[in-house]
Amino acid sequence: MLGYIARRLLLMIPTLLGITFLVFMLLAMAPGGIGAALRAAGGSVDADSKASLQLLYIEDRYGLDDPAVVQYGRWLARISPLKFGERSMRNYAGDLEEPPRDVKAMPMGPGWFAGSYELPQDLEATAADRNRTQADDETSARSAAVDAALAATAAREDEGLSVGDDPGAIPEYKDANKAYLRARAQYLMAVRGFASSISRYASADTLRLRKIEVDALVAGGVDPKIAERQATVTTESPFNAAVSGNNIVDYDLLQTIKPVTSLTEAWNTVVTGYGELAVAHAEAEAALLRVRTAYERGPYPLAGVGILGFANFDWPDFGKSFTIGRPVLDLITEALPVTLLLNVAAVPIIYLVAVPFGMHAAARHNKLFDKVSGSIFVIFWSIPVVWAGVLAIGFLADKQYLGLFPVSGLHSNNADEMAFLPGWDAAGFQAGYLLDTLWHMVLPVFCLVYGGWAVLAKQTRAAMLDTYTMDFVRTARAKGVSDHDVKWYHVFRNSLLPVITIFVLVFPAMLAGSVVVERIFSIPGMGSLILAAIFNLDRDVILANVFMIAVLNLLALLLADILYAAADPRVTFD
Amino acid sequence: MTSPKPDSQKTISGIDVMRGVGASKAKPFWADAWSRVVERRGAQFGLVWIAIIGFFAIFAPVLANGLPLWSVELSADGEPLRASSPIYDSLTATDILLLVGGILGTILLLLPMAVSRQKRLGVVCVAGMLAGLVVILIAFVQYLFDGAGQDIVAWDLFPYVVSFGCGAIVLLLLFWAVPFEGIVRKLLFGAAVVVLTSFVCSDRWVSPTVSPDSFVRGQIDGSQRNTYTLVPWSPTQSNAAFFSRRPVTTVAEAYRTVADEQLQDGIAFFIRTVAFNLSPRLEGLPLDGEVSADIVELLAGTDPDALTRLVDAGVSADYIGRFERVKNELAAYLVSIEAGEEARASEAAKSAVDTVDAIEAANRNARLMIVDAGQELIGKVDERVGFVKAANEVAERSFGGRDFHLGTDPIGRDVLSQMLHACRLSISIGLVSTGISVLIGIVIGSLMGYFGGWVDLVLSRVVEIFMAIPVLFLLIVAASVLPRNTYVMMAIIGCVTWTGSARFIRAEFLKLRNQDFVQSCRAVGLPLHSTLFRHMLPNGITPVLVQASFGIAAAIIAEATLSYLGLGPYGQSSWGKLLSLTTGETGVFLWWMAVFPGAAIFLTVLAYNVLGENFRDAIDPKMRKAAH
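From first to last, the protein sequence lines are chains V and H. Numbering-wise, the numbering used here puts 522 at position 522 of the first sequence, and it's gapless, one number per residue. Numbering-wise, the numbering used here puts 552 at position 552 of the second sequence, and it's gapless, one number per residue.
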């Protein structure tokens, strides 16, 4: 049996890879790709803005310019508990501090400019100059910040509190890291600026070539209008081949084309853009040097447990929601209890209603009760949850009609001020927190259970009917065992097995059902979280949720099989 | 097999039985199951309901349309100039093909003919499939050429080339499916269907857009004489006067209600502006949110306790008196305006405004707002006259007598018309997406069951992938990132829900693969596809086909849920979309928006579920044994 479980657990891995890959690729098919929402926001932002930092975060995490498969690989490496390469650190707030990432290489060297146009010779010097003055400025600012932190540490030491081995390491690292992030964001913007200057240059070149073509045609006696149309169709700058939409430039291809320098204005933009790029790159490199030194001082303890020096075990890193800006795991741990509360209330209700009805229907097979309960359950089964929810809210909760139940949410506005249990005070009966919550749960839970009634009652009835045709039941009847005893001791016990194992399958199904129910009743559970994430294409939240639900589901399936075999000796693990 | 109901009640002897008295011809498996199913009440309900939905799916554009069936243009002196049928002009290629196919197919199926009905059904289905594929292919090509190559698209022959090209491709790929003997007949029938489809598609290349409103205006000013269909509203036809009207409202009533609503809104606006802009420094008037709310209640006369509450809050008798006066004047204003005495109404409004003016406002801005609201209140008198005049004018015309049988939605579109037009989406989503899912399921399931071993292991992981995550999640993710149109929606639902049928087929094939006939197939060296789909599949497909009925129901629910969440196809009426408009933009619950579309979804799902249950019972040998 252990072997069976181990095999099933191993087989879960390809399934999990498959499901996350499927969802990842679906998200990558969204118009504009994965970071579309952010890119749109970052279209015209300066390097200091929050959006550009967020864009940087996403770039770091996924490398948005890479193909989707590579991005998926990166995501996998993050959630894998076994990690290779340089170890990250974990700061005292529990967040990961990763080793500083290298600055991306310049998209192309200055060689392209050589021959046809000389870059200003002092470009590198300017960069170094700018860097030096800026570094001087920053050194003074930085040392002020570090000094303040050191003073604070000294104060702690005076009070007899413990300080680390290297008290200056943390403020220095924080400061350096911040500066590095900024420098990289600036570099990122410079890369985009250069790309767009190239694309503008390509369109200018196209216009130039078309003009030449038109002139040649007109000189050959062609009507100017026709010549223009023809040129529009036939003539295309060779640079256009290197530029695709959204300012993505194929630099390898670009290097092979000789630049045309007669387009002064566009060309100047390109040169300036390249200068900006070189400066930003040099700055980012300098900042990297500083942050690397700061990181190697070891401001925080290493994360995870190392194995043999080349790998380490650590918790999976599910990332942050970019719309809310909080770690995904926090969001899930907040939302999950709400959904669990609904489901924990719903499952017993399903069983308490469906099992007795199913049993009774089987005992009265083809009698009136069987037929009526069967049709009622088919009707329940056919009611779409959205309709049931809308009707329940409209007629039962809306003040316009009965107004018996609350319309939305899980608690009243003043729930925090309530006592937990109901009671009486000066103003009369007070519902209390518990009753208030239960009262809010009535309609959502009803929407969750009625479909389950039909499924479970049908299963119970079928299982009971199956057992009723068995030989041992006939024997028992022939012996003269009473109907009651046959039903309870012979049939019910033997049909209980499938009913028990269904429990494991009901739960994941209800998790899906709660997506709609939570939306209708505005309950802040898993369903609402997932829906909001999907509408915003918040990739980390969607993937983490999919991963978690898939694990939950697969474990439930495994548990169902084990329970089945454990409960029924006729079933073996082979 | 003896028929369950012998023709006569007379006892028959063994000799009679041997002679064949009371015996009937044995029927093939499906025909037998069908005859059993048709006898049941539930199944009859299901079939009738699906037939009704199918009828509307075909005829909705003709039955519910804001364009006139027949429009005659009149000259100034009432002489008919020329006539046309705007409905016919506005039909899309799909509409026309469905109408032609629906009518011809029904005739072919219902007429008594020598050829068996089963075969004729096969012919109709194949013709539908061919035409459908051509239409889908053409739509895809149109989508490809949507942005680029303006020169090609502008070319006159482009529609014909694309239509007939697509038709030829479909014909060459699928002519073998036509259930006739001989290649020539197959090709001829297929070509006939494809040419008709291609011709209609190229004729209606761009869907015509004609506004129903121009015909309404023509009718009203007497330049046209229009004959309308049963439900004279297009699903997209909207009007500000028709927002959220109850069922069985006529157009004239809708206009009249607009006049009343404007008046009520004006008064309410005035009261609110006054109550929330009074000075908080005023002697004897402690102003905070609650007092302001109570003033609103007092002036509107909605809460009789508001007066005592205001007195308790310490509002001086002076102010109470003023508020009472304003209230009475407003009441007089309302009464006189409804009685049609404009002069008295204006006077009452003016005196109400004057009384308010005597109270100090919070600041200059607040004072301006109060003055504006007062001017508006006085202006409402003239406005009201205009509205009533317009309503009376409309009421005199035939347009005013038009009914909204099931009310309108919050954007002013007729609910019944939208529901009829949504039938097509419901029927096609159910059938096509289930067809896709069964097809994928059969192919993958049969490979798993026939080969076993590592093929089974690998494909089982694929099945597990789709089982590991609730189908609804995948649907929502896919629907939110992919283009929102009906075809994509069908494909998404089909590609996500195939695991059930794959598992059924796998189980059946595992049982079948060791049977003698499969062994002999292998022994004589039949190709794989022949063994799998020609010999094994007919023996193992029964549970999948029964399950397909539940699959259709599930697909309809999935579509409704997605549409409710706002992820449904664009530009297409849908029951789920209507359901999502229930609480409108104002947050008021519109019961007719919840009840009718919801009931349509429910009844359709119920019909398929009941049909599936009955089919399962009819062919389940165990149940049959228990029943006897």
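Everything labelled a hint here was simulated from the structure, so no lab data went into it. Hints are supplied without guarantee of correctness; some may be wrong.
To be verified - Label pairs and their calculated CB-CB ranges:
| # | chain 1 | residue 1 | chain 2 | residue 2 | range |
| --- | --- | --- | --- | --- | --- |
| 1 | H | P538 | V | F310 | 53 to 61 Å |
| 2 | H | V248 | V | P337 | 45 to 53 Å |
| 3 | V | I79 | H | F269 | 55 to 63 Å |
| 4 | V | L10 | H | L104 | 53 to 61 Å |
| 5 | H | V72 | V | K399 | 49 to 57 Å |
The beta-carbon is built from N, C-alpha and C at its ideal position, and this holds for glycine as well.
Verification of the hints:
1. H:P538 <-> V:F310: 53 to 61 Å: 58 Å, holds
2. H:V248 <-> V:P337: 45 to 53 Å: 48 Å, holds
3. V:I79 <-> H:F269: 55 to 63 Å: Taking Cβ atoms as reference, I79 of chain V and F269 of chain H lie about 56 Å apart, which means the hint holds.
4. V:L10 <-> H:L104: 53 to 61 Å: At roughly 58 Å between Cβ atoms, L104 of chain H and L10 of chain V fall inside 53 to 61 Å, so the hint holds.
5. H:V72 <-> V:K399: 49 to 57 Å: 51 Å, holds
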